[in-house]
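Undergrad: Counting in the numbering used here, the sequence shown tops out at residue 115, every number present.
Honestly, the hints are just simulated from the structure, not real lab data.
A couple of the hints might just be wrong.
No farther apart than 27 angstroms at their CA atoms in a straight line, the calculated lysine-lysine pairs in the BS3-like style are these [to be verified]:
| hint | residue 1 | residue 2 |
| --- | --- | --- |
| 1 | Lys89 | Lys6 |
| 2 | Lys89 | Lys39 |
| 3 | Lys6 | Lys39 |
| 4 | Lys109 | Lys89 |
DEER-style ranges, computed between Cβ atoms [said to hold, decoys possible]:
| hint | residue 1 | residue 2 | range |
| --- | --- | --- | --- |
| 5 | Glu52 | Val10 | 19 to 25 angstroms |
| 6 | Asp49 | Glu107 | 26 to 32 angstroms |
| 7 | Ala100 | Lys6 | 36 to 42 angstroms |
None of the values given here were measured: they were computed from a predicted structure.
Ideal Cβ positions, reconstructed from N, Cα and C, are used throughout, including at glycine.
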Amino acid sequence: YAEIKTHTVTGYEILNVITEMPEAARSARWHHEHYDGKGYPDGLSGTDIPENARIICVADSYDAMTSRRPYQALRPQAEVRAEIIRCKGTQFDPVIADAMVRIIDEDKNYELHG
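Please construct the entire structure, taking both the sequences and the accompanying hints into account.
TA: Printed below as a string of structure tokens:
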């Protein structure tokens, strides 16, 4: 697990070379930070986490829950919605979590999961 957690810094270092897109590097580095400060790699919290990284955090979690993986089955949309609500204010920025829930509610045919 410790090695998996290094991907955020590795992504940052790779993207940081692209000086025209500094926000991409910052988003890669901090997309696993949690709103309550319990994420990684730097333990940022709240609005200290760049907004793009807070958006990616929710989107990445949604993708992880709705993608078939060797270790996990596709989760039902209602379960994913409940998990986003459960993590609102801890893992996720509450405003962004609410926006994601609205998007899920509008996705009546469960098309977001690909």
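Undergrad: Of the numbered hints stated previously, which ones are contradicted by the structure, given in increasing order?
TA: 7
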